[in-house]
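All chains should be modelled from the sequences, with the hints used to inform the complete structure.
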Amino acid sequence: MARKKKRKFSWFWWVLFLILLGGAIWFNRAYFMTRDINYTAAQSGTITHERKIPAIFANQEQPVAAPISGTIQFVGNDGQRFRRGETVATVQQNGTKQGLAAAMGGLFFHQTDGLETIITSDSIMSMDLEKLVTQTSKVKIPGQTVQAGEIVGKMVNNLLPTMAFLQLQSIDNLTVGKTLRLITGNQTMDAVIMRKSEKPMGVIVQFPHYVDGSASERKQEITWSYAPQTSGVLVPKSALWKQGEEIGLFVVNDGVVHFKKVKVLDENDQQACVDSLPVGIPVVTNPRDGLEGLIAK
0 MARKKKRKFS
10 WFWWVLFLIL
20 LGGAIWFNRA
30 YFMTRDINYT
40 AAQSGTITHE
50 RKIPAIFANQ
60 EQPVAAPISG
70 TIQFVGNDGQ
80 RFRRGETVAT
90 VQQNGTKQGL
100 AAAMGGLFFH
110 QTDGLETIIT
120 SDSIMSMDLE
130 KLVTQTSKVK
140 IPGQTVQAGE
150 IVGKMVNNLL
160 PTMAFLQLQS
170 IDNLTVGKTL
180 RLITGNQTMD
190 AVIMRKSEKP
200 MGVIVQFPHY
210 VDGSASERKQ
220 EITWSYAPQT
230 SGVLVPKSAL
240 WKQGEEIGLF
250 VVNDGVVHFK
260 KVKVLDENDQ
270 QACVDSLPVG
280 IPVVTNPRDG
290 LEGLIAK
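For the sequence shown, the residue numbers in numbering that gives the first Met the number 0 are 0 to 296.
Bear in mind the hints are in silico, worked out from the structure with no lab data behind them.
Please read these numbers as outputs of a predicted model, since none were measured by experiment.
Some hints could be false.
[Unchecked claim] 16 Å max Cα-Cα, derived EDC-like pairs, lysine to aspartate or glutamate:
{"id": "1", "residue 1": "K262", "residue 2": "D274"}
{"id": "2", "residue 1": "K177", "residue 2": "D189"}
{"id": "3", "residue 1": "K195", "residue 2": "D127"}
{"id": "4", "residue 1": "K137", "residue 2": "E149"}
{"id": "5", "residue 1": "K259", "residue 2": "E216"}
{"id": "6", "residue 1": "K198", "residue 2": "D171"}
{"id": "7", "residue 1": "K262", "residue 2": "E245"}
{"id": "8", "residue 1": "K96", "residue 2": "D77"}
{"id": "9", "residue 1": "K236", "residue 2": "D265"}
{"id": "10", "residue 1": "K139", "residue 2": "E216"}
{"id": "11", "residue 1": "K195", "residue 2": "D171"}
{"id": "12", "residue 1": "K260", "residue 2": "E291"}
{"id": "13", "residue 1": "K260", "residue 2": "E245"}
{"id": "14", "residue 1": "K259", "residue 2": "E245"}
{"id": "15", "residue 1": "K139", "residue 2": "E149"}
[Said to hold, decoys possible] Pair ranges (Cβ atoms, derived):
{"id": "16", "residue 1": "N185", "residue 2": "D274", "range": "30 to 38 Å"}
{"id": "17", "residue 1": "Q269", "residue 2": "I182", "range": "17 to 25 Å"}
{"id": "18", "residue 1": "L158", "residue 2": "D274", "range": "46 to 54 Å"}
{"id": "19", "residue 1": "E244", "residue 2": "I182", "range": "33 to 41 Å"}
Ideal Cβ positions, reconstructed from N, Cα and C, are used throughout, including at glycine.
Printed below as a string of structure tokens:
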């Protein structure tokens, strides 16, 4: 009889312990649910769609050779414009000075890469593009003393539009005559597709004018803006949450977490632009089930 009472007494304490434990967990569930929630404030900004791509530029260029051996003296600054027939440099030897005249109008650069007569705005349209991408430049800047016949610079016709071969991962949906929005340095231009290539993959484009820096650095990485940008209220893309058929965000309003349905206007890999959301409102960046109604910490 005593053993039965002891067993009932033991079961009573176990049941009481479980009830108390369950109650503690229930009343502290908000703490466990919210302690690892991350928040950020919604910000105003712009969604961009940009991709870095390799470019090989082509201009009308003409190498300039020293007429005699001697000490060279350049006229003006590197990249300065000269008219045809103007003196771009002089070479002096034993008191004899001979000038180098510009054979065409344009910008005179002291630096050459050995590709001036190979990759030009005329030749690039008919070039074997597999050979084009394997061409290596040999950048050369003349010293104070030069030899007769040595290339000491180049003239670049900056009145003609620059051409370029753009290496792309895909040319789907790209057609001859279509324009691409390209960014080189601080210049943003719409270039026209002149030729497509599957091997190597890419397109030849013509810019609306001469591209600054294309003659001094033939191979560059430029930016392709492949889709229009969208301005508005931005949140991290990780903050988007699907609840049933609705897309929305968990936001904090009056200290309480609530799900808010939004319309995604645009997105990229990192951010999303949404409507019906005030700037500055806290947004949960790692959403999950069970957040509705929790007290924000």
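Could you grab the alpha-carbon distance between K139 and E149 and see if it respects the 16 Å cut-off? Cα-Cα ~11 Å, so holds.
Using the C-beta atoms of N185 and D274, is the stated range 30 to 38 Å upheld? For N185 and D274 the Cβ distance comes to about 32 Å; the hint holds.
With the threshold set at 16 Å, check whether the alpha-carbon distance from K259 to E216 stays at or below it. Violated, at about 51 Å.
Mind checking the alpha carbons of K177 and D189 for me, to see if they're no more than 16 Å apart? holds (10 Å)
Taking 17 to 25 Å as the hint, is the beta-carbon distance of Q269 and I182 inside that range? Holds, at about 19 Å.
Restraint status (C-alpha distance of K236 to D265 at most 16 Å): With a Cα-Cα distance of about 10 Å, the restraint between K236 and D265 holds, given a limit of 16 Å.
Just to be careful, I want the Cα atoms of K195 and D171 compared with a cutoff of 16 Å; is the pair within it? holds (10 Å)
Assess, step by step, whether the Cα of K195 is no farther than 16 Å from the Cα of D127, and give holds or violated. holds (12 Å)
Tell me if the straight-line CA distance from K259 to E245 falls inside 16 Å. Holds, because 9 Å separates the two Cα atoms, which is no more than 16 Å.
For the pair we were handed, K96 and D77, check the Cα-Cα distance against 16 Å. violated (21 Å)
Indicate whether the distance between the beta carbons of L158 and D274 respects the range 46 to 54 Å. holds (47 Å)
Does the alpha-carbon distance linking K260 and E245 stay inside the 16 Å limit? holds (6 Å)
Hint violations for this structure: numbers 5 and 8, all remaining hints satisfied.
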